[in-house]
Amino acid sequence: MKIGFIGIGNMGGAILSGYAAAESSADMTLMAYDKNEEVCSAARASIERLIICESSYDLCRDADIILLGVKPQIIETVLEEISPAYDTTKLIISMAAGIKISLLERYFGDDASIIRIMPNLPAKVGEGMISVSRNSNVNDAEFKIAMDIFSSVGRAEEVDESLIDCVIGVSGSSPAYTYMYIEALTEAAVANGMDENKARVFAAQSVLGAAKLVLESSESLEQLRINVCSPNGTTIEAVNRLFENGFKEKVIEGFQAAVDRSIEMGKEKE
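Anchor point for the sequence shown: position 208 equals 219 in the numbering used here, and the numbering is continuous, going up by one each time.
No wet-lab data here; the hints were simulated from the structure. Some hints could be false.
Think about it this way: if two alpha-carbon atoms lie no more than 27 angstroms apart in a straight line, the pair counts; the simulated BS3-like pairs of lysine-lysine are [what the hints assert, rightly or not]:
1) Lys13 <-> Lys155
2) Lys209 <-> Lys155
3) Lys223 <-> Lys135
4) Lys13 <-> Lys111
Model the full assembly from the supplied sequences, consistent with the hints where possible.
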């Protein structure tokens, strides 16, 4: 089977690299196309078996699965280029924010097999969170291959496409909120005398460990927080101050802003 990646920048490149290193890709032919020749050269240098195609049309013509890693602003130009090379034996996968499956069906037809994903940046280090939504034409064998691809760069979960906007708020955009939190902890530690590089490690590792505990524990998030807060201790003092200043409410507001913008982007393409 031939799997082709159109657009191998930050996110597309991360998924390509992760899948290329996974055992499940050993028998697959990997292909890629990107207008940036330097990006293609770098990918080819790091993945020896990667075939660089001359055009997006050529890739779509030759590949069985086509993963679109291009930005929403240019995706319709790419769709116009590749749709003449498409036939219903092929699977299309898109990660463009705001681009609905229904828009892709306009270019490839109502009988096209289409998957829409929403990944996030930690896929670059194998810790991504990827939502996977499919139309009714995608069979279980195709879907399994797609899940194998995305599981190679983190965790993949099937969700209904109607939840994509929510996914953007909770995982697609949320690394940025988390970086802000780590940045604030780092700055505070530096102000209290710690070396910046060491402070960054302390803050980041604490976030990593806390997240891992959430995934591996059966306790509620509230209980996990309570477990850290000894009466009259340091943590409860910090938590109370954060509550007083509306910490949770501000995070929820940020989440909703991302969701609302995603909904707007979807309507712009209708």
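Any of the earlier hints contradicted here, and which numbers? Hint check: 2 fails alone, others pass.
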